[in-house]
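Enquirer: Heads up: the protein sequence lines correspond to chains A and B, in order.
With the working numbering, you'll find the first sequence wraps up at 315, consecutive numbering, no jumps.
With the working numbering, you'll find the second sequence wraps up at 315, consecutive numbering, no jumps.
Keep in mind that the hints are not guaranteed to be accurate.
What the hints assert, rightly or not - Simulated coverage check for chain B against chain A, where a stretch passes if three residues somewhere in it have a Cβ under 8 Å from a Cβ of chain A:
no., segment
1, 45-52
2, 77-83
3, 263-270
4, 309-315
Hints are computed from structural coordinates only; laboratory data are not their basis.
As the structure is a prediction and not an experimental result, all values here were calculated from the model.
Here a beta-carbon is modelled for each residue, glycine too, at the ideal position from N, C-alpha and C.
The lines below spell out each chain.
2 protein chains.
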Amino acid sequence: MIDLPTFSDVEDAFIRIQPYIHITPVLTNTAINKMTGADIYFKCENFQKVGAFKFRGACNAVFSLSDEEAAKGVATHSSGNHAAALALAAKLKETHAYIVMPKNAPGVKKRAVGSYGGVITFCEPTLKDREETLDKIIGESGAAMIHPYNQKEIIAGQGTCALEFMEQQNDLEAIVAPVGGGGLLSGTAITAKYLNPEIEIIGAEPDGADDAYRSLKNNERMPMTNPNTIADGLLTALGDHTFEAITKNVDAIITTSDESIIKAMRLIWERMKIVVEPSSAVALAIILDNKEAFKGKRVGVILTGGNVDMEKLPF
Amino acid sequence: MIDLPTFSDVEDAFIRIQPYIHITPVLTNTAINKMTGADIYFKCENFQKVGAFKFRGACNAVFSLSDEEAAKGVATHSSGNHAAALALAAKLKETHAYIVMPKNAPGVKKRAVGSYGGVITFCEPTLKDREETLDKIIGESGAAMIHPYNQKEIIAGQGTCALEFMEQQNDLEAIVAPVGGGGLLSGTAITAKYLNPEIEIIGAEPDGADDAYRSLKNNERMPMTNPNTIADGLLTALGDHTFEAITKNVDAIITTSDESIIKAMRLIWERMKIVVEPSSAVALAIILDNKEAFKGKRVGVILTGGNVDMEKLPF
Numbered sequence: 001m002i003d004l005p006t007f008s009d010v011e012d013a014f015i016r017i018q019p020y021i022h023i024t025p026v027l028t029n030t031a032i033n034k035m036t037g038a039d040i041y042f043k044c045e046n047f048q049k050v051g052a053f054k055f056r057g058a059c060n061a062v063f064s065l066s067d068e069e070a071a072k073g074v075a076t077h078s079s080g081n082h083a084a085a086l087a088l089a090a091k092l093k094e095t096h097a098y099i100v101m102p103k104n105a106p107g108v109k110k111r112a113v114g115s116y117g118g119v120i121t122f123c124e125p126t127l128k129d130r131e132e133t134l135d136k137i138i139g140e141s142g143a144a145m146i147h148p149y150n151q152k153e154i155i156a157g158q159g160t161c162a163l164e165f166m167e168q169q170n171d172l173e174a175i176v177a178p179v180g181g182g183g184l185l186s187g188t189a190i191t192a193k194y195l196n197p198e199i200e201i202i203g204a205e206p207d208g209a210d211d212a213y214r215s216l217k218n219n220e221r222m223p224m225t226n227p228n229t230i231a232d233g234l235l236t237a238l239g240d241h242t243f244e245a246i247t248k249n250v251d252a253i254i255t256t257s258d259e260s261i262i263k264a265m266r267l268i269w270e271r272m273k274i275v276v277e278p279s280s281a282v283a284l285a286i287i288l289d290n291k292e293a294f295k296g297k298r299v300g301v302i303l304t305g306g307n308v309d310m311e312k313l314p315f
Numbered sequence: 001m002i003d004l005p006t007f008s009d010v011e012d013a014f015i016r017i018q019p020y021i022h023i024t025p026v027l028t029n030t031a032i033n034k035m036t037g038a039d040i041y042f043k044c045e046n047f048q049k050v051g052a053f054k055f056r057g058a059c060n061a062v063f064s065l066s067d068e069e070a071a072k073g074v075a076t077h078s079s080g081n082h083a084a085a086l087a088l089a090a091k092l093k094e095t096h097a098y099i100v101m102p103k104n105a106p107g108v109k110k111r112a113v114g115s116y117g118g119v120i121t122f123c124e125p126t127l128k129d130r131e132e133t134l135d136k137i138i139g140e141s142g143a144a145m146i147h148p149y150n151q152k153e154i155i156a157g158q159g160t161c162a163l164e165f166m167e168q169q170n171d172l173e174a175i176v177a178p179v180g181g182g183g184l185l186s187g188t189a190i191t192a193k194y195l196n197p198e199i200e201i202i203g204a205e206p207d208g209a210d211d212a213y214r215s216l217k218n219n220e221r222m223p224m225t226n227p228n229t230i231a232d233g234l235l236t237a238l239g240d241h242t243f244e245a246i247t248k249n250v251d252a253i254i255t256t257s258d259e260s261i262i263k264a265m266r267l268i269w270e271r272m273k274i275v276v277e278p279s280s281a282v283a284l285a286i287i288l289d290n291k292e293a294f295k296g297k298r299v300g301v302i303l304t305g306g307n308v309d310m311e312k313l314p315f
């Protein structure tokens with residue numbers, strides 16, 4: 001059953017997670033505005049705890065559990081920001097986070113999860129072994145599964161970013177957010193369209209992992225096959241929850257190339273003096289690719305995270 | 001004659017430049033505080049216009065000129081942030097900035113000066129040719145020479161950073177600022193000691209360019225010979241003005257290695273998600289090198305700039 005959050009769920013999530021999250025700043029940049037012809041407002045979730053918006057959803061999911069449920073721990077399989085986010089949320093709730101990670105995950109990701117006290121179980125880097133390992137852990141511990149995106153509480157938590165953003169900048173005409181599994185885009189769209197039905201909500205997707213674009217075009221959830229993009233946070237496919245939320249609330253998905261993503265990422269680093277990961281730069285990349293569409297508009301861009309391996313920069 | 005600014009000159013400078021500068025944010029980071037045992041407040045001049053505190057001094061110097069003087073233009077020799085800062089200040093005053101740069105200066109620096117409308121004259125990369133070229137330009141144009149650091153208006157302008165900082169965070173027990181030519185450290189010390197005579201002011205210097213350290217130790221201005229450090233904004237030696245200001249007002253100069261500077265720089269990028277240049281990281285490097293000295297204190301750190309060649313990162 002598809003159970004999507006309402007605006008009221010997002011408001012509840014915001015109250016629930018407020019003691020734990022950072023209210024992240026909104027930045028503007030004169031040079032980038034000149035370059036695009038738009039007024040762009042950047043919501044800096046790279047400054048969020050654990051360095052990514054993912055902490056909002058994870059925190060809402062963990063703190064939505066009853067004390068009894070939470071005492072058994074939480075579990076997920078992820079090698080990315082969701083894993084670190086869930087580990088920190090569990091630590092704050094004083095319970096365990098069981099994280100299943102492929103044994104070939106980058107050292108920097110393993111250390112991040114470990115540093116927040118997450119209990120890591122390594123598995124073979126196949127979806128089958130991931131899922132079997134996770135099922136085994138959940139069977140033994142009774143831990144609550146927290147999905148990285150296809151879950152009501154996660155979507156509601158990610159929606160708090162748009163809630164905050166539209167309070168900070170109440171005259172936005174459009175919001176562009178990257179789409180991978182679709183948790184952020186779903187939460188953003190549900191929240192923003194409630195607050196302002198006229199606002200345009202646009203998903204930005206790498207063309208090397210464009211299942212959301214194809215799914216919207218075909219009005220049917222399409223599989224992701226061999227995703228290949230530098231935006232390593234956007235390799236996952238939409239779930240049934242996020243597909244429905246996006247179909248109902250998002251105006252368009254626009255895709256872009258890795259070349260444009262790297263160019264946009266470098267522009268943000270050089271001009272704004274902030275560190276963002278490639279997935280964060282996809283939204284600015286589509287604006288730079290399609291200047292006419294955004295010209296003269298007040299556009300909100302969600303910079304999703306700042307966790308980059310400094311030894312593997314694309315420039 | 002040594003003519004140092006007073007606190008009142010710094011206040012005047014602040015009023016003069018306020019329409020043009022950014023009020024830069026003060027950031028803190030839990031992980032870095034844990035690592036050092038101190039409460040560190042980072043004043044983010046990497047977010048200043050042109051990406052460095054240098055814009056404060058350049059702006060004050062240019063807007064201190066009479067309209068008649070300013071009409072003839074301003075001139076300097078520099079291949080760094082001062083050149084870009086002076087070019088932008090001159091543009092805002094609607095006059096010319098004549099910048100003498102060695103012809104082997106990095107392309108990124110040339111483009112920065114050019115993008116703010118600076119008039120570049122290339123010279124041989126020797127001090128002699130630099131000075132002769134500059135003298136010739138000043139002789140022909142009547143432009144006002146604006147020194148990168150050894151000048152009253154520049155020191156007063158750089159002092160506005162500490163003025164702002166101590167308003168934003170009024171309980172600092174120490175401020176650490178990098179020292180190259182000494183303009184920022186002089187302005188910081190004059191301002192901070194006036195506002196709170198008890199505050200400790202510490203200069204942070206790369207041990208590969210340690211003329212300030214040696215000068216304070218010998219109580220005599222020592223020459224800089226063959227400076228060699230990754231902190232390319234700190235290669236210059238103290239002038240007579242900055243030597244006097246620092247001798248009178250600074251409590252200590254502490255030096256550090258390039259290895260520590262790179263480590264601190266990477267820590268700032270990875271943990272704080274902001275882009276700072278190597279010169280900016282010297283202050284945090286000395287705190288990490290000397291944890292006992294800073295433990296339990298509220299320490300202000302000035303992050304001086306964020307202009308980095310992304311293709312030549314040290315990690």
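Enquirer: All the hints need checking, so say for each whether the structure fits it.
Expert: Checked hints:
1. 45-52: holds (count 3)
2. 77-83: Check failed, 0 qualifying residues.
3. 263-270: holds (count 3)
4. 309-315: holds (count 4)
In this structure, only the earlier hint numbered 2 is contradicted, and the remaining ones agree with it.
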